[in-house]
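Q: Numbering of the sequence shown is given in UniProt numbering, commencing with residue 1 and proceeding in unit increments.
Hints were generated in silico from the structure; no laboratory data involved.
Backbone N, C-alpha and C fix where the C-beta goes; we use that ideal spot for every residue, glycine too.
Treat the hints loosely; a few may be bogus.
As the list claims (entries may be wrong) - Derived DEER-like restraints, expressed as beta-carbon distance ranges: (1) 220 with 51: 17 to 23 Å; (2) 210 with 9: 43 to 49 Å; (3) 31 with 82: 31 to 37 Å; (4) 81 with 34: 32 to 38 Å; (5) 104 with 74: 21 to 27 Å; (6) 238 with 76: 35 to 41 Å; (7) 67 with 199: 21 to 27 Å; (8) 51 with 190: 22 to 28 Å; (9) 85 with 9: 36 to 42 Å; (10) 161 with 66: 36 to 42 Å; (11) 214 with 127: 37 to 43 Å; (12) 76 with 175: 36 to 42 Å; (13) 127 with 62: 17 to 23 Å.
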Amino acid sequence: MTIADPPADASALVLFSGGQDSATCLAFALSRFARVETIGFDYGQRHRVELDQRAVLRAGMASLSPLWAERLGEDHTVSIEALGALSETALTREAAIAFDSTGLPNTFVPGRNILFLTFAAALAYRRGIGDLVGGMCETDYSGYPDCRDATIRAVETALRLGMDRPLTIHTPLMWIDKAATWRLARELGGEALVSLIVEESHTCYLGERGKRFDWGHGCGECPACRLRAAGWENFRAG
Numbered sequence: 001m002t003i004a005d006p007p008a009d010a011s012a013l014v015l016f017s018g019g020q021d022s023a024t025c026l027a028f029a030l031s032r033f034a035r036v037e038t039i040g041f042d043y044g045q046r047h048r049v050e051l052d053q054r055a056v057l058r059a060g061m062a063s064l065s066p067l068w069a070e071r072l073g074e075d076h077t078v079s080i081e082a083l084g085a086l087s088e089t090a091l092t093r094e095a096a097i098a099f100d101s102t103g104l105p106n107t108f109v110p111g112r113n114i115l116f117l118t119f120a121a122a123l124a125y126r127r128g129i130g131d132l133v134g135g136m137c138e139t140d141y142s143g144y145p146d147c148r149d150a151t152i153r154a155v156e157t158a159l160r161l162g163m164d165r166p167l168t169i170h171t172p173l174m175w176i177d178k179a180a181t182w183r184l185a186r187e188l189g190g191e192a193l194v195s196l197i198v199e200e201s202h203t204c205y206l207g208e209r210g211k212r213f214d215w216g217h218g219c220g221e222c223p224a225c226r227l228r229a230a231g232w233e234n235f236r237a238g
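All chains, please: the whole structure from these sequences, using the hints.
A: Spelled out as structure tokens, the structure:
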């Protein structure tokens with residue numbers, strides 16, 4: 001879902017992990033909303049280095065545009081350790097990444113996006129914010145069912161009813177692939193934003209930041225790295 005023309009004084013809360021997709025979504029929100037806050041989640045993820053990259057990316061975004069610097073508001077980090085304890089996946093414990101018979105990787109953390117959106121909506125309620133922005137996508141993704149548009153729309157409806165407040169969940173990446181996500185970043189912030197995302201965002205499920213590829217840091221082998229690398233190749237080829 002894309003945003004046409006939000007009210008001039010509208011505020012947004014971006015689900016900001018520190019990865020490529022959420023960094024692009026932050027730029028997207030900063031280009032459209034008068035005030036933008038961010039929220040991140042510590043759930044015992046293996047790649048918790050992404051939490052460290054959040055502040056670096058926020059500072060980098062602010063340096064790219066005086067308008068973005070003016071619009072960028074508070075950051076919030078929420079601890080949901082119970083999610084990691086319950087899930088026991090390759091994303092929350094030391095385990096080899098594998099795929100089940102349906103093709104779903106064992107990096108899937110059941111209920112993760114549903115919980116993230118619920119906590120974000122609770123914070124947005126307190127902050128007087130009616131718009132959430134998330135990087136969920138069902139075009140170029142690992143098959144997670146809680147990234148699908150139908151799931152997000154169902155959660156949106158439940159949150160509107162449960163909080164009795166207007167609430168919109170914007171998912172600007174839902175119907176585009178990773179190459180188009182790179183292109184969107186370039187449209188929003190030029191090559192400077194692309195370079196910032198390459199250098200400072202974190203995608204690798206294993207938390208690897210030692211090796212540097214053309215598309216950024218990572219192991220180069222996990223599903224997240226492969227999706228990002230393929231998208232980068234198609235982006236630069238086009």
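Q: Does each hint fit the structure? Answer for all of them.
A: Checked hints:
1. Between residue 220 and residue 51, the C-beta spacing of about 22 Å keeps the proposed range 17 to 23 Å intact.
2. About 44 Å separates the C-beta atoms of residue 210 and residue 9, a value consistent with the hinted range of 43 to 49 Å.
3. The supplied range of 31 to 37 Å is met by residue 31 and residue 82, whose beta-carbon atoms lie about 35 Å from each other.
4. Distance hint check for residue 81 and residue 34: the Cβ-Cβ separation is about 34 Å, which falls inside the suggested range of 32 to 38 Å.
5. Checked against the hint of 21 to 27 Å, the pair residue 104 and residue 74 fails, with Cβ atoms roughly 35 Å apart.
6. Against the hinted window of 35 to 41 Å, the Cβ-Cβ separation of residue 238 and residue 76 comes to about 36 Å, which satisfies the hint.
7. Under the hint 21 to 27 Å, the C-beta atoms of residue 67 and residue 199, about 22 Å apart, fit the expected range.
8. Checked against the hint of 22 to 28 Å, the C-beta distance between residue 51 and residue 190 comes to roughly 27 Å, which is consistent with it.
9. The beta-carbon spacing between residue 85 and residue 9, approximately 41 Å, falls within the hinted interval of 36 to 42 Å.
10. Checked against the hint of 36 to 42 Å, the pair residue 161 and residue 66 passes, with Cβ atoms roughly 40 Å apart.
11. Checking the proposed 37 to 43 Å range against residue 214 and residue 127 shows it holds: the Cβ atoms sit about 38 Å from each other.
12. Between residue 76 and residue 175, the C-beta spacing of about 28 Å breaks the proposed range 36 to 42 Å.
13. Distance hint check: the CB atoms of residue 127 and residue 62 are about 20 Å apart, consistent with the given range 17 to 23 Å.
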